[in-house]
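If you read the protein sequences in the order shown, they are chains U, H and P. If you're matching positions, the first sequence starts at 1 in the working numbering and goes up one per residue. If you're matching positions, the second sequence starts at 1001 in the working numbering and goes up one per residue. If you're matching positions, the third sequence starts at 2001 in the working numbering and goes up one per residue.
If you are wondering where the hints come from, they were derived from the structure by calculation, not from laboratory data. In this text the structure is predicted, and so the values were computed from the model without any measurement. All C-beta atoms, glycine included, are put in the ideal place defined by N, C-alpha and C. Among the hints, a few may not be true.
Stated by the list, open to error - Have a look at the derived ranges for each label pair, beta carbon to beta carbon:
(1) H:1182 / P:2230: 46 to 54 Å
(2) U:133 / H:1233: 32 to 40 Å
(3) H:1233 / P:2170: 22 to 30 Å
Unchecked claim - Derived contacts from chain P toward chain H, CB cut-off under 7 Å, selection only:
(4) 2026
(5) 2142
(6) 2245
Stated by the list, open to error - Below, a sample of chain U positions facing chain H; criterion: calculated Cβ distance under 7 Å:
(7) 64
(8) 167
(9) 191
(10) 235
(11) 239
(12) 252
(13) 253
(14) 260
(15) 316
(16) 319
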Amino acid sequence: MLAPEFVPGIGDRGAAEFYTIATLGSHSALQILKGAHDEGFRTLAIASRETERLYRSFAFVDEVIAIRRYEDFMATVPQLEQRKSIIVPHGSFVAYLSLEEHQKMKVPYFGNKAILAWEASRELQRQWLSRAGLRLPRQFKTGSEIDRPVIVKLYGAQGGKGYMFLRDAADFEERAGLLAREHYILQEYIIGVPLYIHYFYSPLTGKLEIMSMDRRYETNVDSLGRIPAAAQGRMNVDPSYVVVGNSPLSLRESMLAEAYHMGEEVVRVSQEICPPKGLFGAFCIETIITPDTQFYIMEISARIVAGTNLFIDGSPYSYLNYSEPMSTGRRIAREIKHALLTDSIDRVLDDATPL
Amino acid sequence: MLAPEFVPGIGDRGAAEFYTIATLGSHSALQILKGAHDEGFRTLAIASRETERLYRSFAFVDEVIAIRRYEDFMATVPQLEQRKSIIVPHGSFVAYLSLEEHQKMKVPYFGNKAILAWEASRELQRQWLSRAGLRLPRQFKTGSEIDRPVIVKLYGAQGGKGYMFLRDAADFEERAGLLAREHYILQEYIIGVPLYIHYFYSPLTGKLEIMSMDRRYETNVDSLGRIPAAAQGRMNVDPSYVVVGNSPLSLRESMLAEAYHMGEEVVRVSQEICPPKGLFGAFCIETIITPDTQFYIMEISARIVAGTNLFIDGSPYSYLNYSEPMSTGRRIAREIKHALLTDSIDRVLDDATPL
Amino acid sequence: MLAPEFVPGIGDRGAAEFYTIATLGSHSALQILKGAHDEGFRTLAIASRETERLYRSFAFVDEVIAIRRYEDFMATVPQLEQRKSIIVPHGSFVAYLSLEEHQKMKVPYFGNKAILAWEASRELQRQWLSRAGLRLPRQFKTGSEIDRPVIVKLYGAQGGKGYMFLRDAADFEERAGLLAREHYILQEYIIGVPLYIHYFYSPLTGKLEIMSMDRRYETNVDSLGRIPAAAQGRMNVDPSYVVVGNSPLSLRESMLAEAYHMGEEVVRVSQEICPPKGLFGAFCIETIITPDTQFYIMEISARIVAGTNLFIDGSPYSYLNYSEPMSTGRRIAREIKHALLTDSIDRVLDDATPL
Chain U
1 MLAPEFVPGI
11 GDRGAAEFYT
21 IATLGSHSAL
31 QILKGAHDEG
41 FRTLAIASRE
51 TERLYRSFAF
61 VDEVIAIRRY
71 EDFMATVPQL
81 EQRKSIIVPH
91 GSFVAYLSLE
101 EHQKMKVPYF
111 GNKAILAWEA
121 SRELQRQWLS
131 RAGLRLPRQF
141 KTGSEIDRPV
151 IVKLYGAQGG
161 KGYMFLRDAA
171 DFEERAGLLA
181 REHYILQEYI
191 IGVPLYIHYF
201 YSPLTGKLEI
211 MSMDRRYETN
221 VDSLGRIPAA
231 AQGRMNVDPS
241 YVVVGNSPLS
251 LRESMLAEAY
261 HMGEEVVRVS
271 QEICPPKGLF
281 GAFCIETIIT
291 PDTQFYIMEI
301 SARIVAGTNL
311 FIDGSPYSYL
321 NYSEPMSTGR
331 RIAREIKHAL
341 LTDSIDRVLD
351 DATPL
Chain H
1001 MLAPEFVPGI
1011 GDRGAAEFYT
1021 IATLGSHSAL
1031 QILKGAHDEG
1041 FRTLAIASRE
1051 TERLYRSFAF
1061 VDEVIAIRRY
1071 EDFMATVPQL
1081 EQRKSIIVPH
1091 GSFVAYLSLE
1101 EHQKMKVPYF
1111 GNKAILAWEA
1121 SRELQRQWLS
1131 RAGLRLPRQF
1141 KTGSEIDRPV
1151 IVKLYGAQGG
1161 KGYMFLRDAA
1171 DFEERAGLLA
1181 REHYILQEYI
1191 IGVPLYIHYF
1201 YSPLTGKLEI
1211 MSMDRRYETN
1221 VDSLGRIPAA
1231 AQGRMNVDPS
1241 YVVVGNSPLS
1251 LRESMLAEAY
1261 HMGEEVVRVS
1271 QEICPPKGLF
1281 GAFCIETIIT
1291 PDTQFYIMEI
1301 SARIVAGTNL
1311 FIDGSPYSYL
1321 NYSEPMSTGR
1331 RIAREIKHAL
1341 LTDSIDRVLD
1351 DATPL
Chain P
2001 MLAPEFVPGI
2011 GDRGAAEFYT
2021 IATLGSHSAL
2031 QILKGAHDEG
2041 FRTLAIASRE
2051 TERLYRSFAF
2061 VDEVIAIRRY
2071 EDFMATVPQL
2081 EQRKSIIVPH
2091 GSFVAYLSLE
2101 EHQKMKVPYF
2111 GNKAILAWEA
2121 SRELQRQWLS
2131 RAGLRLPRQF
2141 KTGSEIDRPV
2151 IVKLYGAQGG
2161 KGYMFLRDAA
2171 DFEERAGLLA
2181 REHYILQEYI
2191 IGVPLYIHYF
2201 YSPLTGKLEI
2211 MSMDRRYETN
2221 VDSLGRIPAA
2231 AQGRMNVDPS
2241 YVVVGNSPLS
2251 LRESMLAEAY
2261 HMGEEVVRVS
2271 QEICPPKGLF
2281 GAFCIETIIT
2291 PDTQFYIMEI
2301 SARIVAGTNL
2311 FIDGSPYSYL
2321 NYSEPMSTGR
2331 RIAREIKHAL
2341 LTDSIDRVLD
2351 DATPL
């Protein structure tokens, strides 16, 4: 039964106004908080001294708590617990909080924390994606196995930092020094174009939606093509893959059914490996598409990704389902609102963090 | 005089609801059907077993007919004839149906089928564009004539598949084996940036509109620049031009008048070569822009192109004419609706397929 | 006190309808005039014979004055003075009018003409940006100093025309002939990805807004990466940087606070160098982002830039502040309207051109 406070229309902005959506001021916080505001929630950004001013400049941010470093986030938890807060996590939570801190934090949390371990470990992630039937690039165990160009990815690499391109085994030998004390994987370099697909899976309706698509904007690798081949040699540029932004894409419609199917399979398997809820809310499959129009899956992000920031005012794909601007951030807030209104908020929160 | 059923306001969604917009579930079908729904039509997708689930997932698709292969489309024609259906064709119709099947199909058809022959033949297309005064890349008749890089385009190449880059005559010789039994053209490789311009010409108002712009996202050629020049050699990558998506662009405004003029000339000449109606509805001119800001025309598509899928929620250009999200798909539906409401539906249908 | 004619609601479209927003038909005129129309102003385009037809094709353009060449603009000034016109300048004003003509023109002018001299001179611009604490590429005084790749920029280069890439001092020697009679600067070639940030600073509220972001679409340099490295050599292609369009981008949110800060510093210093008003309205900072996520500033444009044409129907960033499509052009018109309604129009016009 709905408690009286869940009745829509109470207060100027409906039931949601009694709850605060809170997130770390970074990554996709503007989108999350704008979406929360548009769905009627109060909003709170936990920002740093450097970013505080930015988040305060927006009318839809009701409150800002400034902390010295994002790593100090856990110290704000008592304040969040006092409010009726719901945390919407994004990539910076993974970057700044440990898995242990994630578990320890008892503030109501949108999403399933159990999935974090499967995402954080490259081996478990690979198991998950393989079981979902997705096509994965080859991995090499040692440098001597390398028989084609590879991407080296350091463990814990964030935002493309710590990626390295290696042409062949000899190239690996030359740089072995750099890698000596590091944990890393050696992933086949797939020749093709990148495309990142943003999904939303609703545990309330059981339906998957494709929200939008993008590609990353990476420095310096996305500028190499602008340097004439002859000049590149003398300039001695090594590609780096540091993500500094995103650009929008659409996918050939004849490949959309497969993209949709991949998302469904990833959700299905997640319910087996992290039962019963599995993965829900926003997630992203990062693909490379080869000339024979095959998707190779590089990685999965089990939450909202920064590429959705291109679509704060809606996307061509979300417009198919919503004839209003529906960002992924707003979609999350709407799911929480629907859960509140139907007295099923537990279905969209982590089990260890009831409201 | 308007028949009673054309009077707006009959039924909840106006006159259009008595008609079904039908199309093949591929290419730009989502945009076409969403636009049709938004203008008040009933909607029907003819999908395959693989894509059926995708099209059924959208609320704006009223009905799905599933066929085994898209080539079996003609078998659904009797069903379409029983309904008050209007077919809106797109690129997949050209890919899966022959010119003969197009002609045989008597379902009311948005567009002018006579133009198909001029588009399908590279020679006729070249005549058309030349008469319109457009700048075309040089063509070579034989490999020995080649004195600069060329693009080889196999006859009937679809979606960039079957394109090949050749550096010079020697390169042609080496690959002559691959081309031995093929029909192809040898087109000068123009060094410059691609830009695709999406137009809509209204036979009801006689006015041309620029709807949006894009560039294709092609694998693997759009990933070559991300591979260091030194590595490319050893990797032995040949460029391929398979289209897997699109990305949005805007055009320098000082060049927009010429873009508009090119569209007008293409329409004008089409009325001479396929009198009296010529080309109407959506079309696209595919250009390469050189450093002296000249447009070179690679091809024309005489119908809605997939690049418009970037703009299902409207484009910066369509917003100039419509202060609401106006995709090319919706623009088509609006034209049909206006034709119905003014008792001039024959002006937007192929002559052999009256309502 | 508000004069009676400023009272909102007079006439069908409010107070603004008594004023005409006028601009040169080029660059970002469509956006400026559409925005002006949407805010209730009358609109006027001064177009050429070639572009007249284009501007007349839009319903939001109330009037077109056709001149033979854009350089003849000054001849229309008496007509503009007779109307209650306000000029909104853009890049083409700088291209076609001299600083002297700018000063001579007494039509009410949105913006501060004093800033033009600081923008036109590369030395003054460098002083301004340095004082704002921005990171600038190294400059070389003579060819012999060159110890890394550079971009040569001819004085007065417009739209990327007159830019040249040089690999090293030897490359400079070879081309010295081309540069012999030219004035130019030699700017360090920064390896990284370009990102252009569009700002709006409101003198009425004292608040800075980030409106949108883009990168330029340059021919032929943005096509080089599509040519295999091995082929580039024989084709002997030199990069050129002629801007023919733009493509949209978003910025990593953790870098947004710095982007915002850079804009604030640029405005702050402008109030010292061109007191008291400094720079207001639209402007753009053109950056290159390196793999250590540093912004290098290539240039500032002290007015609306063409990259904003991607966002005539709004941008993800402007949507954060306005839950309606807010282009930079519309934002300008809204600022003028607010100034009219609060009797402070002098705060948004150049001091020498009161209403």
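If you test the structure against every hint from before, which numbers come out violated? 1, 5, 7, 10
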